[in-house]
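**Student:** Here's the letter readout for the chains.
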Amino acid sequence: MSNFFYSSYLIFQREILSYFSTPIAYVFIAIFLLLSSLFTFYLGNFFELGQANLSSFFEWHPWLYLFLIPSVTMRLWAEEKKTGTIELITTLPISSSSIVIGKFFASWVFSSIALLLSFPLWITVNYLGEPDNGVILASYIGSILMAGAYLSIGSCISALTNNQVIAFVVAATISFLFTVSGLPIVLDFFSTWSGQILTDTIASFSFLTNYSDITRGLIDLRSLIYFITLICLFLYTNILIITNVRD
Amino acid sequence: MQQMIKIKSLCKSFGSFSAVNNITFDLNKGDILGFLGPNGAGKTTTMRMLTGFLKPSSGDVIINNRNMKDNPEICKSFIGYVPEGAPLYEEMTAIDFLKFTAKIRKIRKENLEKTLENVINLLNLKKILFKKIDTLSKGFKRRVGLAQAIIHNPEILILDEPTDGLDPNQKNEVRSLIRKLGKEKAIIISTHILEEVNAICNRAMIISDGRLLLDDKPNEILKKSTSYKSIYIAIEEKNSFDLKNEILNKKISKDVSVRNNQCVIKTNNSKSVKSNLDEFIKKNKFTLKHYSIGKGSLEEVFRRLTSDE
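Protein chains in written order, with the working numbering: chain A, 1 to 247; chain B, 1001 to 1309.
One should not assume that every hint holds.
Derived PhoX-like pairs: lysine-lysine, alpha-carbon spacing no greater than 25 Å straight-line [unchecked claim]: (1) B:1055 <-> A:82; (2) B:1132 <-> A:81; (3) A:82 <-> B:1131.
Listing some non-contacts, in silico: residues in chain B with all C-beta distances to chain A over 12 Å [said to hold, decoys possible]: (4) 1028; (5) 1031; (6) 1111; (7) 1127; (8) 1138; (9) 1168; (10) 1274; (11) 1276.
Listed next, with one range per pair, are the computed distances between beta-carbon atoms [stated by the list, open to error]: (12) A:173 <-> B:1015: 23 to 33 Å; (13) A:85 <-> B:1074: 47 to 57 Å; (14) A:225 <-> B:1108: 33 to 43 Å.
Just so you know, the hints here were simulated from the structure itself, not pulled from any lab data.
Here a beta-carbon is modelled for each residue, glycine too, at the ideal position from N, C-alpha and C.
Input sequences plus hints: build the corresponding full structure.
**Tutor:** This is the structure:
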């Protein structure tokens, strides 16, 4: 077991270093911060609302992640397949699961760093008023968890192809389905012909539903379990793909 | 002789295409096996199964008495592998990449410096250690690829076309390194450069269409060549066509041809042809312009076996 963690840690370390040794990390972080600020101030009406909270910042995250996260994950496996390094790494004496876990956590930590670099916003609201920092903390946790779910989907899809564009488009589409299934427009469509149970089930599978619960400061165990189960499920599928499907 | 690799009835199909078809062989310590075959013969697929990258459709890969199927991680720890094209993490510096491989290969912290130093000296990597791999020349990239494969001093070394794309000097360096390492290890190199087999291997295999056609020592394979022990002769007194006719008339050999202004007499390894010819030359007091005995050609055997398919 300690072998597993050590190998995962080495993969994690290599991946994190590779993010920061290429322009990917800096471009991603800059775009994320720029877009999230634009959304907060222009679409979210941060100042006009006159409330000392970050809800106008967090509410846009699902839509930002929808295309930013697949841009992080598209290269995770597709690039290894394209360049042939997958042959190098999978013939090392480590398990496929430790590679999948190491890569996933590196991408998760990297995305979290980008998110946490939004801290000037948090300082600003604390300077301007007296926000409920508990809710803000819960929102950060929720956002990180949701990012993890998007990342696990993206990583799994990337393992299926050696084409990064395909990995991006398919991951973004699947993420889109997981996101919009909580929108009223989708739920209304189902509720017109199906029962309440089906509509509720679809809503409960939505990132939006689970995420908005958390950003209201309500860390519901169901939402936590939902995101964690989803991450585990996609990572498990990812491991199966890497172990069994090789071009 | 310590047996390092045992391959039993190895098969691999991709859909209806059979890439490797029932290959069986053993490899011992000290063996340097040249894996020959035309492109698409199944060399890379076989190597990928040996290293645990691909799962065989059927058959077994036994590495150091352990089955790859049951103990992949242990089996992989005995092997150093340079895949086709020697892929590397190009965004890393050479030293970071080697440290990463060494740690994954579980080289202890206290031995890390020494191990790195050894491999850096052996492959002459000092100059480029802190350069990013994507900025290195092909020759250096290949050397970094070899360095990661031997960093843990593996008992088995599998190299897929290790000299492909290198200039003649670099090829020579890699070959002498393989020869040096070969005494202590079991090595498989795949190549379609036949001179490479003569230069470094003590065993050669020819595969085509996924089937093993020949497995022998390179000098034994040479004996299968039709030009093995053929006599190449030219004389001052006659042109080669006249000489050919005379040899045929005197019934010294039935198989005589003219190439590059020399008569090529196939002896089929029979001593009488040579002695009859010598006598004929002596009797007629011919002056020899050229006289040599063919050593056989691996290329010819290769062509004959693989184009028959």
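**Student:** Now tell me if each hint is right for this structure.
**Tutor:** The hints, checked one at a time:
no. : hint                         : verdict
1   : B:1055 <-> A:82              : holds (20 Å)
2   : B:1132 <-> A:81              : holds (20 Å)
3   : A:82 <-> B:1131              : holds (23 Å)
4   : 1028                         : holds (22 Å)
5   : 1031                         : holds (20 Å)
6   : 1111                         : holds (16 Å)
7   : 1127                         : holds (20 Å)
8   : 1138                         : holds (15 Å)
9   : 1168                         : holds (25 Å)
10  : 1274                         : holds (52 Å)
11  : 1276                         : holds (57 Å)
12  : A:173 <-> B:1015: 23 to 33 Å : holds (28 Å)
13  : A:85 <-> B:1074: 47 to 57 Å  : violated (23 Å)
14  : A:225 <-> B:1108: 33 to 43 Å : holds (41 Å)
Comparing the model with each numbered hint stated earlier shows that hint 13 is the single one that does not hold.
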